[in-house]
Amino acid sequence: MADDRDREGTEIAVAEFHKKIKEAFEVFDHESNNTVDVREIGTIIRSLGCCPSEGELHDLIAEVEEEEPTGYIRFEKFLPVMTEVLLERRYRPIPEDILHRAFEVLDPAKRGFLSKEELIKYMTEAGEPFSREEMEEMLSAAIDPESNSVHYKDYITMMVIDEN
Amino acid sequence: MSLPLCFLDCGPDKVLGPSITKAASEEVEAEEFECLAETILLSEKLIHDLQDMGCGTSSSMKDKKCEKALKAALVIQNWYRGHSAQLKTRQRYALTIFQSIEYADEQGQLELSNFFSFMLENYTRVFEEDPELVTHLFGSNIQDKDRQNYWVLIDVPDSYCGPRLQFPLTFTDIDLLIEAFKQQQILHAYYVLEVLFETKKLLQQMPNFTHIKTSPSKEITICGDLHGKLDDLFLIYSKNGLPSVSNPYVFNGDFVDRGKNSMEILMILFVSFLVYPNDLHLNRGNHEDFMMNMRYGFTKEVLHKYKLHGKKILQVLEDIYTWLPIGTIIDNEILVIHGGISESTDLNLLHRIERNKLKSVLMPPIPIDGDHATEKGNKVGTTITARGIRTNGSLSEQLTKHEWEQVIDILWSDPRGKRGCYPNTSRGGGCYFGPDITSKILNKYQLKMLIRSHECKPEGYEICHDGKVITVFSASNYYEEGSNRGAYIRLSSGTPPRFFQYQVTRATCLRPLYQRVNAVESRAIRMLKERMISQKTDLIRVFQLQDSSKS
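Chains as they are written, first to last, in this note's numbering: chain A, -1 to 162; chain B, 122 to 672.
Hints are supplied without guarantee of correctness; some may be wrong.
Stated by the list, open to error - Dumping the calculated DSSO-like pairs for lysine-lysine here, alpha-carbon to alpha-carbon at most 30 Å:
(1) B:569 to B:334
(2) B:657 to A:17
(3) B:186 to A:119
(4) B:589 to A:75
Stated by the list, open to error - Over the 10 Å line for every Cβ pair with chain A, so calculated as not near, a few chain B residues:
(5) 231
(6) 279
(7) 282
(8) 307
(9) 319
(10) 339
(11) 454
(12) 653
Read the hints as simulated data drawn from the structure, not as lab findings.
No residue lacks a Cβ here, since even glycine has one placed at the ideal position from N, Cα and C.
I would like the entire structure built from these sequences, with the hints used as guidance.
Shown next, in the form of structure tokens:
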């Protein structure tokens, strides 16, 4: 009996996910032919609330690509894979406090901010480095022009408010 | 005056790092990431710096600290990319809203016009008995052609401190105009009309399609819709150079409407054309149409800027539009037209027709005596005299219905992913054409590519139909500041086209993405709200129809 209820719950969830995935996909399906450019898949997946790393994204793309990559991803292949991802609640987004802790790790002296140079260095040389465009974009919103530094607590608060 | 601008190379490079195995737990803790070999992910410099920051003496301590920093960086990057993607998606949604509203407008107008045409076609008795009603419905009277050259009598007062053009025009006049318009001066009606008359004379000598040859040393630049955005034209001329014999241009229609400097754009383009008639090519767009101008702002702009002579200027423009070429063909390979094609597009026919007979998309040919005109010029309407009534007269003053539709398809169609050819319901004119149509038509005329404009694209350009169709749109921030980039294309035979993107904003163009997206989004939602409120009763009725349970 509990099983039945579980299954029903899953079915409802799957139907909802299908709807969400379809809507997100359609935003980027410019030609209305159920395909999107592979370079937009990352954006679509993230718009659905998941936060895969670049490496994980790479793997996901490999799963949804054609045997012979065409540069396009078809909806038929994308839907089942993405549904699994949502059902398993994979790649959950970073909670605000973890994000804050991450900044603090990079600021061992606990000054409350990172200098522009420090941020650039970490973001473009460590982890999965930012492209030049990503770095510029982040700086434009994060930098306090007077001190030329990033007060990360304020920055995080601003971004999180904006998301909601 | 230098404009703050963002000038970007096309196509950001996505950096995909190597795979990182991940713990299965739901909470993503920085400590739970597993590092790959530090040599891949950490540069020497970073290690060095971390050492400087006092990472500790023992090597294991050092490694641990580096590892922590690495994971922290990963967390931040991961979060940022997620956040950035959310913004981009919101931007897309906002653009979709804008576009739907824009097309719904156009559709409304065309549907109304189709309705009128239908009425007239099927109730020609009305036509015969009351020609004045038709005139009222359908367009203004033809003015006396005799007074064509009265502009020479216009006096330019000494107090006029705007630009004074010297005929015959030279490249210095282009510079003169640009400088003057940058200071927001207005060109005197006398010069406007002089330019217009000279332009019309020259355009009349041009064929329907201009054939151009490029070479590796003579690339051609193709620009899309400008829609009265003067700053974008300034930017293009500034970044890409003024037109000249070695720097030819094609401007692919829609120079006017919506933006507030349509007049200035036309003047610069026409003067450029008069100075370099073989190297500055203008194609007609769906907005080069006096009836569209009435609805979308250009008419208002002219009448406002030229209170005394505005009507005359508009009248001449009406004619000039009809003389604009339909398209250009580059190296016998690339077709450049404003909108698109349909499955029945007949380039040979289009080369032959008398293009100046198409006055407006809202004035389709009206058959007379209940007969449908199938042979051009074979029948003559006997019941109505031509004088003073634009819409008919002898049939030789109109295109045939088939010819007219061919041109409308060229000016109004949009490419879509779906195969086949369907009426363009969102615009109300032209069609949607699929990749199979593109292949069929391109192959039929041994062409390799279609370059068109007509649709706003977030990146300024877009390639579709397997690389065979390129859309180029040159009005950045078309809907709202931050809504989209503009672009232009440079190409020459044998080399793939190169794309150049830009975005012109008055405020700092480095305004952060989230602010721009917020602005675009709130504008879109506001517009949508206005729409919904104005159509409230209709909307409610439709909802009630669907809602059988009356919830």
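Comparing the hints with the structure gives:
1. B:569 to B:334: 15 Å, holds
2. B:657 to A:17: This hinted pair holds, its Cα atoms lying about 27 Å apart.
3. B:186 to A:119: 16 Å, holds
4. B:589 to A:75: 25 Å, holds
5. 231: Non-interface label on residue 231 of chain B holds, nearest chain A Cβ at 21 Å vs cutoff 10 Å.
6. 279: Per Cβ check, residue 279 of chain B is outside 10 Å of chain A; nearest 49 Å; holds.
7. 282: Label holds. Min Cβ-Cβ 40 Å, cutoff 10 Å.
8. 307: 37 Å, holds
9. 319: 41 Å, holds
10. 339: Non-interface label on residue 339 of chain B holds, nearest chain A Cβ at 32 Å vs cutoff 10 Å.
11. 454: Check passes; 23 Å lies beyond 10 Å.
12. 653: 20 Å, holds
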